[in-house]
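Novice: Residues per chain, in single letters:
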Amino acid sequence: MANYTLTVNGKDHHVEVDRDTPLLWVIRDTMKMYGTKYGCGIAQCGACTVHVDGTPIRSCCVPIEKLQGKNIITIEGLSQDGSHPVQMAWKEIDVPQCGYCQTGQIMTAAALLERIPSPTDEEINRAMKGNLCRCGTYPRIKKAIHEAAKLKQS
Amino acid sequence: MMTTRRNFLKVSALAGGGLAMAVSLPGTSAMLANDDISSFDLGAFLNIDTKGNITFLLTKHEMGQGSGTGLPMIIADELGADWSKITLKRSDYDPKFDSRLMGTTGGSGTVAKMWEPLREAGAAVREMLKSAAAARWNVSPDTLTTDNSFVVSPNGEKLEFGELAEEAARLNIPKEVKLKDISEFKYIGKPVKNLITNDVVMGKGNYGINVDIEGMVYAAIQRCPVYKGKLVSFDDTEARKVNGVIDVVPVPHLDLDLEGQYVAEGVAVIATSTWSAFKARKQLKIEWDYGKNGSRDIETYKKEMSESKMQHAYSKGDFDKQSVEEGFELVEAEYDNPYEAHALMEPINATAHFNGDSCEVWVGTQSGERVAQAVMKATGLPQEKITVHVLNSGGSFGRRYYPDSSIEASYLSKVLSKPVKLTWSREDEIMHDYFHPYQRSRHKAIISPEGKVTGWYAGLIRAEDYMEGLTRWEIPYFFDTIKTESSVIEGMVHVGAWRSVGPHSSSLGKECFMDELALRLNKDPLDFRLEMLQGEITQEGNDDFAKVVVSYRKVLQERYIAVLNTIKEKGLWTAPKKGEGRGIAIENFSRTVCAHIVDVSIDNSYNGFKVNKVTSVVHCGTVVNPHFGRGQIEGGVIWALSAAMYGGIEVKNGVVQRDNFHDNLLLRIDETPEIDVHFVESTEPPSGLGEPGTPPLAPALLNALYNATGKRIRKIPVRREDLLNATA
Ligand code: FES
Ligand code: FES
Numbered sequence: 001m002a003n004y005t006l007t008v009n010g011k012d013h014h015v016e017v018d019r020d021t022p023l024l025w026v027i028r029d030t031m032k033m034y035g036t037k038y039g040c041g042i043a044q045c046g047a048c049t050v051h052v053d054g055t056p057i058r059s060c061c062v063p064i065e066k067l068q069g070k071n072i073i074t075i076e077g078l079s080q081d082g083s084h085p086v087q088m089a090w091k092e093i094d095v096p097q098c099g100y101c102q103t104g105q106i107m108t109a110a111a112l113l114e115r116i117p118s119p120t121d122e123e124i125n126r127a128m129k130g131n132l133c134r135c136g137t138y139p140r141i142k143k144a145i146h147e148a149a150k151l152k153q154s
Numbered sequence: 001m002m003t004t005r006r007n008f009l010k011v012s013a014l015a016g017g018g019l020a021m022a023v024s025l026p027g028t029s030a031m032l033a034n035d036d037i038s039s040f041d042l043g044a045f046l047n048i049d050t051k052g053n054i055t056f057l058l059t060k061h062e063m064g065q066g067s068g069t070g071l072p073m074i075i076a077d078e079l080g081a082d083w084s085k086i087t088l089k090r091s092d093y094d095p096k097f098d099s100r101l102m103g104t105t106g107g108s109g110t111v112a113k114m115w116e117p118l119r120e121a122g123a124a125v126r127e128m129l130k131s132a133a134a135a136r137w138n139v140s141p142d143t144l145t146t147d148n149s150f151v152v153s154p155n156g157e158k159l160e161f162g163e164l165a166e167e168a169a170r171l172n173i174p175k176e177v178k179l180k181d182i183s184e185f186k187y188i189g190k191p192v193k194n195l196i197t198n199d200v201v202m203g204k205g206n207y208g209i210n211v212d213i214e215g216m217v218y219a220a221i222q223r224c225p226v227y228k229g230k231l232v233s234f235d236d237t238e239a240r241k242v243n244g245v246i247d248v249v250p251v252p253h254l255d256l257d258l259e260g261q262y263v264a265e266g267v268a269v270i271a272t273s274t275w276s277a278f279k280a281r282k283q284l285k286i287e288w289d290y291g292k293n294g295s296r297d298i299e300t301y302k303k304e305m306s307e308s309k310m311q312h313a314y315s316k317g318d319f320d321k322q323s324v325e326e327g328f329e330l331v332e333a334e335y336d337n338p339y340e341a342h343a344l345m346e347p348i349n350a351t352a353h354f355n356g357d358s359c360e361v362w363v364g365t366q367s368g369e370r371v372a373q374a375v376m377k378a379t380g381l382p383q384e385k386i387t388v389h390v391l392n393s394g395g396s397f398g399r400r401y402y403p404d405s406s407i408e409a410s411y412l413s414k415v416l417s418k419p420v421k422l423t424w425s426r427e428d429e430i431m432h433d434y435f436h437p438y439q440r441s442r443h444k445a446i447i448s449p450e451g452k453v454t455g456w457y458a459g460l461i462r463a464e465d466y467m468e469g470l471t472r473w474e475i476p477y478f479f480d481t482i483k484t485e486s487s488v489i490e491g492m493v494h495v496g497a498w499r500s501v502g503p504h505s506s507s508l509g510k511e512c513f514m515d516e517l518a519l520r521l522n523k524d525p526l527d528f529r530l531e532m533l534q535g536e537i538t539q540e541g542n543d544d545f546a547k548v549v550v551s552y553r554k555v556l557q558e559r560y561i562a563v564l565n566t567i568k569e570k571g572l573w574t575a576p577k578k579g580e581g582r583g584i585a586i587e588n589f590s591r592t593v594c595a596h597i598v599d600v601s602i603d604n605s606y607n608g609f610k611v612n613k614v615t616s617v618v619h620c621g622t623v624v625n626p627h628f629g630r631g632q633i634e635g636g637v638i639w640a641l642s643a644a645m646y647g648g649i650e651v652k653n654g655v656v657q658r659d660n661f662h663d664n665l666l667l668r669i670d671e672t673p674e675i676d677v678h679f680v681e682s683t684e685p686p687s688g689l690g691e692p693g694t695p696p697l698a699p700a701l702l703n704a705l706y707n708a709t710g711k712r713i714r715k716i717p718v719r720r721e722d723l724l725n726a727t728a
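Order-wise, the sequence lines are chains A and B.
Sequential numbering of the first sequence, starting at 1, is according to my numbering.
Sequential numbering of the second sequence, starting at 1, is according to my numbering.
Warning: the hint list may mix true and false statements.
Taking lysine-lysine pairs in the BS3-like style, the calculated list, with each CA pair at most 27 angstroms apart, reads [stated by the list, open to error]:
no., chain 1, residue 1, chain 2, residue 2
1, A, 142, B, 577
2, A, 152, B, 193
3, B, 711, A, 32
4, A, 143, B, 610
5, A, 143, B, 204
6, B, 377, B, 418
7, B, 96, B, 385
8, B, 89, A, 32
9, B, 204, A, 142
10, B, 711, B, 452
11, B, 715, B, 613
12, A, 143, B, 613
13, A, 66, B, 241
14, A, 143, B, 577
15, A, 142, B, 715
16, B, 610, A, 129
17, B, 193, A, 143
18, B, 190, A, 150
19, A, 143, B, 186
20, B, 613, A, 129
Sample of chain A residues with no beta-carbon within 10 angstroms of chain B, all distances over it, derived [stated by the list, open to error]:
no., residue
21, 5
22, 11
23, 14
Keep in mind the hints are simulated off the structure, nothing from the lab.
Nothing here was measured: the structure is a model prediction, and the numbers come from that model.
Ideal placement from N, C-alpha and C gives every residue a C-beta, glycine not left out.
Taking the hints into account, I'd like the entire structure generated from these sequences.
Specialist: Below, the structure is given as structure tokens:
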């Protein structure tokens, strides 16, 4: 076990865990923040997506020792009140079915729009294909990303 | 006018002021007999407080199908309520729900079964609120209406529901109420937003895997990789060295004597975090006794199927005799529909706290009733000492009907005397799934000298006897002779309900074979189906059930024809685009009928094809919420397309050969075709949408591939080599 300081959603957290502990489990089991989901543990589903210095990463596969000094944003820190354009668009299009995958989808989509403010369907496919949704909300996710791009620009 | 089933309703004063209504829905046997309700103190089902806040108690499971929004929409409309005043309260499991329609969620039946009782309940309360206002104004209640949570008089006076709730609570429940006309609905038929969405986008979704109980420890179980294998011994020396490990305990054979239930033997690691438990379980050295399943695999299973002895199920006329008559031709084909995994996004989990003389369980479940029964057996406690907190699910599709994780968690909590949170890894969820059973459908048909299909045979060989696919009401087409048979061969993995259960299995053979027959007779596949749907439905037998079957078949006949005619009228069944193939299939799930038209093009990809578009036409009666309805059909299509492209669980020496999303592939956003959903206009009661989108997809796809290539594939999944090797 070792001590680490993590900057999550703008706040420093001191945790004592094994150095190989994936960020996902630190967020969930140690910090008790449950918006970031466990889906596969092998970077195949995207349910655990968070931003590290603005880049979407699969938190299930990044050990905590690599995250010192980095700025981590989880779904809880994307906005205080659900007002991030991607969240607004998700509500407008009413994307979720069971909702389990959606926090990961939203984090990936938010990062995409930072990179490409107005993505094409093709660019959406490329950015989002790492995020699985077993309920099959893909058509709505695509619509919502276009909607979010509009909201962001206005 | 509609007579209220007054014995289903009870209205009383709400503690603290206001109105509380209790509702008791009939049991599942009510289809045949009138269910006698003797006691129904189910607690508040609908509350209206003096401020006009309306609380609706959700007893159904929310797993992505939107029941937590669809059900209150129905009651809100009958009441004339302001939607923004409605809040949802999720109910814990209550033994009073047992064998009622309220306690278990499944079979795409939530809205269908709750529709009428909820409307009656809403209408009864509406009339009582009107009567309370009428008494104040000294007018006849008949002159009043409700709107936006107000009772309104003809001259525009208004009283808010909250102001009337207490007075209304003292009135008698009306004997007769008039249900609203469809034109009066404000919410039903509109895309009202899902009540879970706000929480979901903030990361506040209320899933079982997020449960956090004071003092809980984390558990992971290494289970025997072979179905019904035994734990012989284990060495936990290395596992115990992992930081955070608290204990290692065996999970023995738990004999629960619960239908459909199976808990694998294994070894549990108890730790201070999920990660420690996951890490440590890999260090366990375990000796198993695999038993006879340890030498079985899919190839040997197929051989067992080929040699199986068939049991008679249903017959009309003499199929065998007709098949050998002079000038009649017998054609046959065989279709394989393999094992499928659920691969739910939220892995299976449960949290339990055994307290010595009571046990609490927190779990996303389709059946609190089954969880309670199972936990009783696992802990030895009486039912009244068990509390089941029902959380939302990150997808369920039949899987969370089975309480295996609650059994494991409560067993471990009892052994450890601590609250235990058990999380299955993704690998556990796939390898130890309750798989959709393997089914082989053997079909035969008799073609008369005049070129008419006069005989139909279905022989279904499968790993589980769902009693489905063999009965007269599951064959919508008309033939002079029909014969069905089945055979059950014990599977080498455990099986369970998987979105659409039997119809997904049986539709593949039935709807592909219909396509084969149509083309053989040089008929258009849609017109051929329409032709074969014409006939008079007659009662077979004299009991009540026979009558139910007749009325059921009539609904289906009408809906099949309406769906196919809608496709024609809308011009959806035309020649495919150049370079594409087009196929159609139609199936019912319960009373909902769904047809898919699939457009494919052939390429050099892993599958050898690409689905470009799916057009769906659905008849489900009233569409309560078109946004959800469309979403369920889209979801059903994507679900079935995953199975048709990537499904099929391989089993070698008893061990499932897939364990995560890298090998159990699921459809991703870039592979998702355009999906165009049409609903047949109807004012009939709603009949469910969670599952009907799944069954006709795979046969429509195989029919489209034939249309594109002239090659007949008779199984899923389809890979490029299947297309290359198939014969014309
Ligand atoms: S849990 Fe991290 S990608 Fe699936
Ligand atoms: S909404 Fe259920 S998995 Fe995506």
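Novice: Work down the list of hints and note, for each, if the structure agrees.
Specialist: Against the structure, the hints:
Of the pairs offered as hints, the one joining residue 142/A and residue 577/B holds, with about 25 angstroms between alpha carbons and a cut-off of 27 angstroms not exceeded. Proposed proximity of residue 152/A and residue 193/B is supported: the alpha carbons are some 22 angstroms apart, at most 27 angstroms. Between the alpha carbons of residue 711/B and residue 32/A the distance comes to roughly 55 angstroms, so the proposed pair goes past 27 angstroms and is violated. For a cut-off of 27 angstroms, the pair hint linking residue 143/A to residue 610/B stands: about 22 angstroms separates their Cα positions.
For the suggested pair residue 143/A and residue 204/B, the alpha carbons sit about 23 angstroms apart, so the restraint of at most 27 angstroms is met. With a CA separation close to 19 angstroms, the supplied pair residue 377/B and residue 418/B stays within the 27 angstroms bound. Taking the CA atoms of residue 96/B and residue 385/B, the gap is about 14 angstroms. The hint holds against a cut of 27 angstroms. With a C-alpha separation of about 24 angstroms, the suggested pair residue 89/B and residue 32/A falls inside the 27 angstroms cut-off, and the hint holds.
A threshold of 27 angstroms between alpha carbons decides the hint, and for residue 204/B with residue 142/A the separation of about 22 angstroms falls inside it, so the pair holds. Under the criterion of a C-alpha separation no larger than 27 angstroms, the hint pairing residue 711/B with residue 452/B is consistent with the structure, at around 24 angstroms. A threshold of 27 angstroms between alpha carbons decides the hint, and for residue 715/B with residue 613/B the separation of about 21 angstroms falls inside it, so the pair holds. In summary, the hint linking residue 143/A to residue 613/B is supported, as the alpha carbons are separated by about 17 angstroms, within the 27 angstroms threshold.
Pair hint residue 66/A plus residue 241/B holds up; C-alpha atoms about 24 angstroms apart against a cutoff of 27 angstroms. For the hint pairing residue 143/A with residue 577/B, the CA-to-CA distance comes to about 26 angstroms; that is within 27 angstroms, so the pair holds. A hinted pair counts as satisfied when its Cα atoms are at most 27 angstroms apart, and residue 142/A with residue 715/B does not qualify at roughly 31 angstroms. Between the alpha carbons of residue 610/B and residue 129/A the distance comes to roughly 16 angstroms, so the proposed pair stays at or under 27 angstroms and holds.
A distance of roughly 16 angstroms separates the Cα atoms of residue 193/B and residue 143/A; the hinted pair therefore holds under the 27 angstroms criterion. For the suggested pair residue 190/B and residue 150/A, the alpha carbons sit about 25 angstroms apart, so the restraint of at most 27 angstroms is met. Taking the CA atoms of residue 143/A and residue 186/B, the gap is near 26 angstroms; set against the 27 angstroms cutoff, the hint holds. Among the hinted pairs, residue 613/B with residue 129/A is consistent with the structure: their alpha-carbon atoms are about 19 angstroms apart, no more than 27 angstroms.
Taking the minimum C-beta to C-beta distance to chain B, about 19 angstroms, the non-interface status of residue 5/A holds against the 10 angstroms cut. The non-interface label for residue 11/A is consistent with chain B: the shortest C-beta to C-beta separation is roughly 16 angstroms, beyond 10 angstroms. Every CB of chain B is more than 10 angstroms from the CB of residue 14/A (nearest about 16 angstroms), matching its label as outside the interface.
Violated hints for the displayed structure, listed by number in ascending order: 3 and 15.
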